[in-house]
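S.K.: Here is what each chain is made of, one letter per residue.
There are 4 protein chains.
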Amino acid sequence: MSGNIFGKYITLKTFGESHGEAIGGILDGVPPGIEISSEELQQEMDRRRPGQSKITTSRNEKDQVQILSGIYQGKTSGMPIGLLIQNTDARPRDYSEIAKSFRPSHADYTYSTKYGMRDPAGGGRSSARETAIRVAAAYFVKKLLSQKGVVIRAYVSSIANLELDRDYSIIGSQDSAENIVRCPDSSLAEKMINLIELARSEGDTLGGCITCEVFNCPAGLGEPVFDKLSADLAKAMLSINACKGFEMGSGFASTQMKGSEHNDPFVKDGQGRVLTTTNHSGGVQGGISNGMPLKFRVAFKPVSTILKPQQTLDSEGRLSELKAKGRHDPCVLPRAVPIVEAMTALVLGDHWMRWNALVKAKELIQGQD
Amino acid sequence: MSGNIFGKYITLKTFGESHGEAIGGILDGVPPGIEISSEELQQEMDRRRPGQSKITTSRNEKDQVQILSGIYQGKTSGMPIGLLIQNTDARPRDYSEIAKSFRPSHADYTYSTKYGMRDPAGGGRSSARETAIRVAAAYFVKKLLSQKGVVIRAYVSSIANLELDRDYSIIGSQDSAENIVRCPDSSLAEKMINLIELARSEGDTLGGCITCEVFNCPAGLGEPVFDKLSADLAKAMLSINACKGFEMGSGFASTQMKGSEHNDPFVKDGQGRVLTTTNHSGGVQGGISNGMPLKFRVAFKPVSTILKPQQTLDSEGRLSELKAKGRHDPCVLPRAVPIVEAMTALVLGDHWMRWNALVKAKELIQGQD
Amino acid sequence: MSGNIFGKYITLKTFGESHGEAIGGILDGVPPGIEISSEELQQEMDRRRPGQSKITTSRNEKDQVQILSGIYQGKTSGMPIGLLIQNTDARPRDYSEIAKSFRPSHADYTYSTKYGMRDPAGGGRSSARETAIRVAAAYFVKKLLSQKGVVIRAYVSSIANLELDRDYSIIGSQDSAENIVRCPDSSLAEKMINLIELARSEGDTLGGCITCEVFNCPAGLGEPVFDKLSADLAKAMLSINACKGFEMGSGFASTQMKGSEHNDPFVKDGQGRVLTTTNHSGGVQGGISNGMPLKFRVAFKPVSTILKPQQTLDSEGRLSELKAKGRHDPCVLPRAVPIVEAMTALVLGDHWMRWNALVKAKELIQGQD
Amino acid sequence: MSGNIFGKYITLKTFGESHGEAIGGILDGVPPGIEISSEELQQEMDRRRPGQSKITTSRNEKDQVQILSGIYQGKTSGMPIGLLIQNTDARPRDYSEIAKSFRPSHADYTYSTKYGMRDPAGGGRSSARETAIRVAAAYFVKKLLSQKGVVIRAYVSSIANLELDRDYSIIGSQDSAENIVRCPDSSLAEKMINLIELARSEGDTLGGCITCEVFNCPAGLGEPVFDKLSADLAKAMLSINACKGFEMGSGFASTQMKGSEHNDPFVKDGQGRVLTTTNHSGGVQGGISNGMPLKFRVAFKPVSTILKPQQTLDSEGRLSELKAKGRHDPCVLPRAVPIVEAMTALVLGDHWMRWNALVKAKELIQGQD
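Protein chains in written order, with my numbering: chain A, 1 to 369; chain B, 1001 to 1369; chain C, 2001 to 2369; chain D, 3001 to 3369.
Take the hints with a grain of salt, since some may be wrong.
Claimed, not checked - Here are a few chain B residues that face chain A, going by a calculated C-beta distance under 7 Å: (1) Lys-1008; (2) Gly-1207; (3) Ala-1219; (4) Ser-1230; (5) Lys-1235; (6) Lys-1244; (7) Gly-1251; (8) Phe-1252; (9) Ser-1254; (10) Thr-1255; (11) Lys-1258; (12) Phe-1266; (13) Ala-1299; (14) Gln-1311.
Don't read these hints as lab results, they were simulated from the structure. From a predicted model like this one, the values you see are computed outputs, not experimental measurements. The C-beta atom is built at its ideal place from N, Cα and C for all residues, glycine as well.
In isolation and in its complexed conformation, chain A is listed as follows (with noise of 0.2 Å):
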């Protein structure tokens, strides 16, 4: 059974090769009514795409969204979203060398091992270009949330040891993460774009963490006992290419702290809202939103394609050196923001609708309906 298909309700099922053809994706469940606009999507598009910045590599990819299905007179209608970005800027001729060898820490061998052969363009499947498709499908998922307030705002929090303070909260602040490196801090962007130059100048690359923080999350989101919603949020950040690790609210420095210090009271509010004075759960209690804000962090490490030249085997398994040439990311921190946001938008969007029906049963039963 492959693993292409995200989600239960609000489901996204992707196809693609990083220079194949076009990738492309069908995103289902999402109700009828929803407003679209061809450049809102187009804008959360240009946040990830290749060749936008000093910083990323060079592949130059419009990634224009084609949207297939799904829509009538300009609204969704509740039908399948058929979505398409043709491959534009596709070089498989950089490729040749890689074909003969498995590149350290990368996918090559593991797909070789499992399928019996690979595509080496860019990676084929297990390049990062497809994670193109879920930021397209993540746009009409944060069109429905943004009918509740919902707001999904992620940001570079660290680029190797620069790293922002963890209790910093993008939430309320005026802080922008719209310069290229995305992190709010301006002073702290600013080394940490010189030190990804610095890297790319020496041909390897950097790691870092992303925070990502959710405002307005209604209470009520994830499911007992499998599908908790910081479950389903791990498992959705891991989904991403070099994504090795994550928490949720104080996460592993939780583990040092004690139960008494560590449980966030509860008060109420002027307007009589349940809130907690602080927020190491992170919103998530018993695997269930609890109306605060959402928070949780993620790791990745530094991706493995890098300039210098590195020992590995080759297809036949003798040892080799290998140089990697190409067009790469020396840091994926920066283009990995909308990917983060994209992928909470898709489980909060899921949980959502999940939920709903739960919401409108409930309406029924005591008789409201």
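Given the structure of chain A, go ahead and fit chains B, C and D onto it with the hints provided.
M.R.: Structure of chains B, C and D alone, referenced to chain A:
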């Protein structure tokens, strides 16, 4: 759509509340012909059951598993396996206080919000008691995996700030984690036990980390692009009560390495098998296992039910002081070790069966069938 | 991937063999707040249970259902509902003869081929005994549907060549199908009973048809394009033991009509509701319910276990004569009536919950929330 | 939860409206290594495409399939296969009349009720145009099945009251159903063609039955208890537009037979293979294929869009007369033949892959791996 089912080929669906009549589940998709031993099954249960040592809850459940179906003449029959555990030491009377208010950082508030009701006895469905069935089900899957030589070993690698060296590996060592705190370093284990006893005496709780290693994991497990092995492991772990974080291989530490440091170089061993000289990847590359040992780390917060007085809201929304009674774990880490192993087995067994279909089909297509 | 689960939002997963310790299941996705009565549940069970009349098997099972979870203070809690029925009158000794050979047209041969083993006692998993859990689960879903006024009525419309008029409708009639053969025409029912008794005396079996009608089925159930309501009903019915055919509305008879005869003209009634003057569609158009009563017919073959001598192969593949013993139904139709109703309820409840999510989302999008 | 996906291991998800820009789909779960020919694929498409003969709609679509992914060097790669067909002869202007009223027995009313909107052009998503993608996807699955020798042959067995003998079998015969009406009896075919031409001249439509036979179907396909092979075939067929009935083997006729007549006696042939002397079961016993040819019959109503004036309601709910224009099939049976074959292939391929996992696991457990 409820989230009470896990897996795609081998699936586990569970039911039951902490202080209800029984908990149970259905394990499905297990192939026929696997020899089953009730004694072995019970040994697995004993590792998780409450009341097993001085550092766990005093609730005394034998956790005797009834296998109601799916076994014929001592072997699995390929039919769904019905599993049942009677609750014998349930004491609903202990929970009257809890029914009146929301325990901070517990599932009380979120369940009430979502369902408009909640079963206060032992946390109802939100209790970790449910995980007993996961351990029972995993026994059958471990038996299947063991025929491929797969060995799953989890252990406590930190309690509060008492931490095992990150490079420690239990694979190949003579260490046993079969002490009451399940840390393989016996002198560290003793310190951990003392720390937990201290926390209990204070009415407080502690968190920590569990590391899991898998030996002889076949290459090829995991599916592009959403059902990466690491993504499904992340979800599996975050679905365990009190889990707040997951990292694969070098995880969060990888964010501070360069690509040239982090990449795992390929080599061949004497038998011609492909290995990597380091294992920062934790055995997963491109979302698919590469034949190296799996290694990942899981963060557990200090559990929320403490016996110290806490300020909270009662069910009418008034500020009140809560002082929990009842029998609780001061630190869930030791009992979570078999649960981490169980969820790992469910993920690996599921992916292994999913892959088997492909392997068999490839044999046919290549004319070997 | 096993096929022991049914439904997408409201799901039923079952386990258990005919002569094992117990059969059971987990019903999931039922919203909280539905009042439950054990007596009502047992009445549903009594309509299906063996030994209920002179024309059914003499196996005597009380089919007392234990509800192990998912109920709190007499109402559903939104948690999975664990269901269990002990097998009390299992007699494995009756089946030694059957273990040695393959009963013609029974599941013996196919199960042996697929699993490499089979449980001969009562047919093991292939026995219709499993459907008792479907009836138990459907009770909860019927209670949910009844809050929308949905009424499901199935009845025996033919036994062998004794057939009720095809245009007969039980909806609105005073007829009761609560006689032992469950045919609402009492004089026809008597003939059917006589015919079944004759078949039993000959050691033979009879088939027939069940018609099911659903009154007050809301318009809008069913999903394009694969999960048409008629498609899911077809699957549900063909999943019942001995079922060999399904037709929606005019079904096979429609193939002999012209479009101008078959089309159901739309009109409005006095209250402004949209109706059709005929109902050849059986209440489903384009795969979605149109608000008219659902009507469909289900074909059941004569069950394969007969007490007459038959030629067959034994398990070594030698021709041999088989003379079955044991307790069997000469005609399953009367007992299949509650099963048809149960599967109908599972399909409708599932689709209704799936639709609820959309309804709620539409309310939000249109600003009514 | 939408219903736009079919299958569990091999899955097809489709999108697209009749007169939108394109229709498409993603076929997933197909193993790597299958040789693919664009010419063969196109031949399959030509059997379904509109405008192929004088008895089909005059809409002229070439139905040229673009394969956007999942193929590497002429073979399947194991990655999802993206399929796309541009709509080239869409004429939305033909449908303005239809937008104003509900065509009797069409999906107009039910889609409007469910989604609060509908795309009137060609029926939007409810159009049988969607099935073109099913045929395209099935090509790949047929290629897989053909490696096991599986041959799927569907043909028109009745139009109105012109009916082929029920005992007719195309397997082993020299008959070709490759005439324009796809009935293998050439003299009956001529009568059918004349009848269809007559119906067209009257602005009316005709229904009929398609019989499907599968030769060399391996024993062992189908899963207890809900995913019986017959149940999944029933769902597959009822998911086709205008389908109103399904029967497996002797089907409805079996209801008039006694068990002693209906049971299929087992014998061995010269090669030691297990056969049955009759095949009333249609190749499925206990929900699992028994190695005999599959045989089932599918009922299609006369399609609802007729060119005769009909009384109906307009979208304001007023009685009005509707006189449809546009290009329509007077009888969908001939074009439905490849669709029936396609859905059969999807069911068999899915079940075959599901079973492969079990076969491979059994080999391991028995030490053959």
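S.K.: Next step is simple, just say for each hint if it's right about the structure.
M.R.: Evaluation of the provided hints:
no., hint, result
1, Lys-1008, "holds, 5 Å"
2, Gly-1207, "holds, 4 Å"
3, Ala-1219, "holds, 5 Å"
4, Ser-1230, "holds, 5 Å"
5, Lys-1235, "holds, 4 Å"
6, Lys-1244, "holds, 5 Å"
7, Gly-1251, "holds, 4 Å"
8, Phe-1252, "holds, 5 Å"
9, Ser-1254, "holds, 4 Å"
10, Thr-1255, "holds, 4 Å"
11, Lys-1258, "holds, 5 Å"
12, Phe-1266, "holds, 4 Å"
13, Ala-1299, "holds, 5 Å"
14, Gln-1311, "holds, 5 Å"
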